[in-house]
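> All chains, full assembly: derive it from the sequences and hints.
Protein chains in written order, with this note's numbering: chain U, 1 to 428; chain X, 1 to 226; chain W, 1 to 403.
Think of the hints as simulated: they come from the structure by calculation, not from any bench.
Any given hint might turn out to be false.
Computed Cβ-Cβ distance ranges for the label pairs, DEER-style [to be verified]:
(1) W/Ala-180 to U/Gly-211: 28 to 38 Å
(2) W/Ala-180 to U/Asp-91: 20 to 30 Å
(3) U/Asn-246 to W/Ser-340: 35 to 45 Å
(4) X/Glu-194 to W/Pro-2: 28 to 38 Å
(5) W/Pro-230 to U/Asp-284: 26 to 36 Å
Think of the CB as a built atom: it goes at the ideal place given N, C-alpha and C, for glycine as much as any other residue.
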Amino acid sequence: MAAADIAQAPPVAAPTGTGSVGIGLHMRVAWRNLWRNGRRTWLTASGIAFSIFLCVVFMSFQLGSYDGMIDTATGMMSGHMQVQQVDYFDDPKVANRIAGGSELLRELEQSPDVVAAAPRVEGFALVSVGERSFGGLVMGVDPVREPEVSALSKQIVEGEYLPRTDSAYVGKALATNLGLKIGDEIFVMGSALEGGVAAALFTVDGLFDTGQVELDRSILQVPLSAVQSAFDLGDSVHRIVLMGRNANDATAIAERLAPALPEGVRILDWDKLLPELRQMIQMDAVSGLIIYVLLVAIVTLSVANSFTMTVFERTREFGMLIAIGMRPGGIVAMIVIEALCMWVVGTAIGAAISFSLMVGLGIVGVPIAGLEDMAGQFMMPERIHPEVSFFTLGTAPLVLLVGTLVAGLIPALRVRRLKPVEALREEE
Amino acid sequence: MTQHVVECQGVSRTYQDDAVPVHALRGVDFALDPGEFVSLAGPSGSGKSTLLHVIGGLDRPNAGAISVDGEDINALGDSELADLRLNKIVFVFQAYTLIPVRSPHENVEFIMQLQGVDAAERGERALGTLDSLGMRDLADRRPGEMSGGQQQRVAIARAIVTNPVLLLADEPSANLDTGTTGELLELLKRLNKERGVTILTATHDPMVMGYASRQVHLRDGEIVRE
Amino acid sequence: MPLKLLLQLSWRNLWRHRRRNGIMVLAIALAVTGVMLMNTLMRGMAAEMREAVIDNLTGHIKVIHPGYMADPGIGRGFEPEQGWERALADVPVAGWAQRVRVPAVIMSERETRGVQLVGVDPAQETISFLGSLSVDGEALSGAEDRRIVVGATLAEQLETSVGRRLVIMTQGADGLNREAGYRIAGTYDADSNALEKVFVFTGAQTVARLLESPAVTEVSLRLESGDDIPLALAELGAVFEDLDVKAWQDLEPQVASMVLVADFGLYIMYFVIMGALVFGLVNALVTAVMERVRELGMLRALGMRPRSVVAQVVVESTLVMTAGVVVGLALAVVCYLPFSGGIDLSAFSETMQMMGVRNIFTPRLEVADMVIVFVLSLVLGVLASLYPARRAVKVTPLDAMRR
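Following this line, the structure appears as structure tokens:
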């Protein structure tokens, strides 16, 4: 500064002398320091980017596949929720029924939470064609309402879905085993409500093929009223299957609907209807979590290592800074800000790649090729749409932000023990 | 006529420094006879270190021929140059001369290990050499625990234990006090006289020049006076 | 450069930066432990699923009629020739069983259910879960036994109990219904409720009498070792020319694919986790090289060949990796040992049953996997050192002296 400038400058009352500097200067200095060893910064930032990329991609796919699994699983048969007689879930026998089914159905349909509702009556019966017979589950459904809650009617491969009051909708495997074709008559016989014999005659009007042999071999759907009268059930039903707007709301809706239900009747959400689904998701989430924790821990260690090296190399420089009056705390802050900048670089790269990829794939979806067997077994949809949400995209960067700051802070704290004279003597 | 230990003909070396060519050596003709103790003198940037480097095969000239002990350096690859240094040429640097993770004894043994000398002989020769330089008691210290002069003496012990043809020393006294420099120079002189090691040093230090049997002055990359 | 010298130099160089290399070793160990433990769980799961499938009347190999899968029934039965098992003289077989398994309807006074009626010779069933079942009441005494054994869950659903009678209805070979009443000898408790609901056992002769057919619907074999399956398949194929001879992998493709996923899972997890680690390792190695520019230059000046410089960096990297992997594997073993007897997973029981796994879950730490991880890590250690080593070789003695 020229002498004239000093003369014009306002008088400085006293040196502030705190040895600390403003955050803006810190930022600029930290940013420049970071690029003094560009290779190291790139390597460490790439590590951060790599982990963020993996975590974001895995999490999006994981959560996306859960939604797909839930939709597929609940959409097949069970629906988002079901209203049942209290004992029916544990002991599905004909007697455990809801009396006055049609009235309850109408009430439920009026709830704004309920998008679709369909009644069902079920009973185990012997299905005979001529001399041949087979044990199976006879399911009485409402031909109009049922397609709203179950995908089974869409798996039709031949004929029509329950066009008449005596129609039967039969699995292709069962039809093959019994030598059935469209238009054949079948005789259904089971135990009715009061121990009598339930018997009815149906005509095969449609065949379905779900790909799950067990289902295709053991279930037939017929119109609700036919089963109700055959089993002496009157207006009773066994299940009222409900769909909400979104499977994730099922628990909340079930809680809202429960108080209005008559005595001896309860509502179950898909969580309870398909406990294995929830548990499978939990197990998968836990194993995913282990991987994420490992990835974050390892990257945090790499960042810590990077800063350990940085601090070690700059001992002389720090000694000099302390010697000219900078507070050790200021140096610690500078290193932590360097760590922050490192995180910004790594996250910018990792997030740019993974976010754009996930948003793109989230719209298009990814087909699961070659895993049809598993898809059937584990209730997976044919396409996974990765979930794009604050949670899936934001968690990894935020957790790593904490990790990076801690990883910078720990080696930085050693600076506070630094003796300037010794530090300056350190060989460069 | 005896063969020269070192023979340089028209040696030039040009660096590209920020797009400006720096002529470190301009057509130097130079020879060293066996048993000579020659000192290269000249101001900084005169090219003495560069000449030392090209003779030792650490750097390659842009033009000219160099032979060391009859071998044409230009014709040798990196690995062969390494072998040449291993077996015939040794360096003594101004600083940072020892391998920090090894004791003086192990430093002295190191080159013999590279040469593949067996362990018993190695140990014996290393101790013998340290002994002859009066450093037996330092043999198992860590390099960091020794003074600059002690380190430099270990470096010389390491240099001569293999009976080299040529010893190149670049500012060997730069980090030493006068007393230690004197000891070091006495040592070099003894080597030169008793073992017939040819020595070439590059230095500013008049004390070092005084010990040499011949002085060569360089200026701007050319030999100006012998 | 002698290897011993190389190792010694590298080893001491590593100790110069204890903190830095310690962190690297810790990170590698953490990664290896994590991957190994995850793999242990996956292997355990896959093994349980495989064992459960093999136990649940499938065996290693099953011989069935080609049409049986689509239309299970006595109509798809066959009569194996006496002494067919002699064809397997050179394959060690743990045992085999001939069964009649047909779909049937079972009726109590109150309830009706669809089940699988299985006619067995209890003496042969040491190869399936039937051999080790805990039965409440009495087990079947032989192929002649005319009583039935049903699952405890099924008995509950049918509201019946030991000593009472049930009516079984099924189809004969002619497609006509057969019906007969049987007394319950005992109820069994299996690992899975699904099994209890499905399988009803009685003597093979009893089913033959009911169906009026001496045929069986399946021959199930259990080998001493799963490795012999291909050989046994070939030999059985020659004996049962017109029948399907199938390995369990073909009969239960989902489980087979899960076992396969477990095989790949190790590699996927390893490369995902180690991928993140490599950045840090390369970083530490490059720093170690750049710090030693003067030293490396001096070594070159002393006559060390470029190749030896590369070797030194590679050896240092490999040593860090080895230390990390050894610690990681040791940690994995230490974490694994308390659980090697099994983990109670009843909290996840429905899923486990669905996937055919028992409530007590036994993780498996396989030596072969540890060897794979070890070898992969050495390879990775070498790969990670290539870039730093290239940097090291570029260091000339002159660079060292100019600093």
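> It remains to establish, for every hint, whether it holds in the given structure.
Now the hints, each set against the structure:
{"no.": "1", "hint": "W/Ala-180 to U/Gly-211: 28 to 38 Å", "verdict": "36 Å, holds"}
{"no.": "2", "hint": "W/Ala-180 to U/Asp-91: 20 to 30 Å", "verdict": "27 Å, holds"}
{"no.": "3", "hint": "U/Asn-246 to W/Ser-340: 35 to 45 Å", "verdict": "44 Å, holds"}
{"no.": "4", "hint": "X/Glu-194 to W/Pro-2: 28 to 38 Å", "verdict": "31 Å, holds"}
{"no.": "5", "hint": "W/Pro-230 to U/Asp-284: 26 to 36 Å", "verdict": "33 Å, holds"}
This entry satisfies every hint, going by the numbered hints stated previously.
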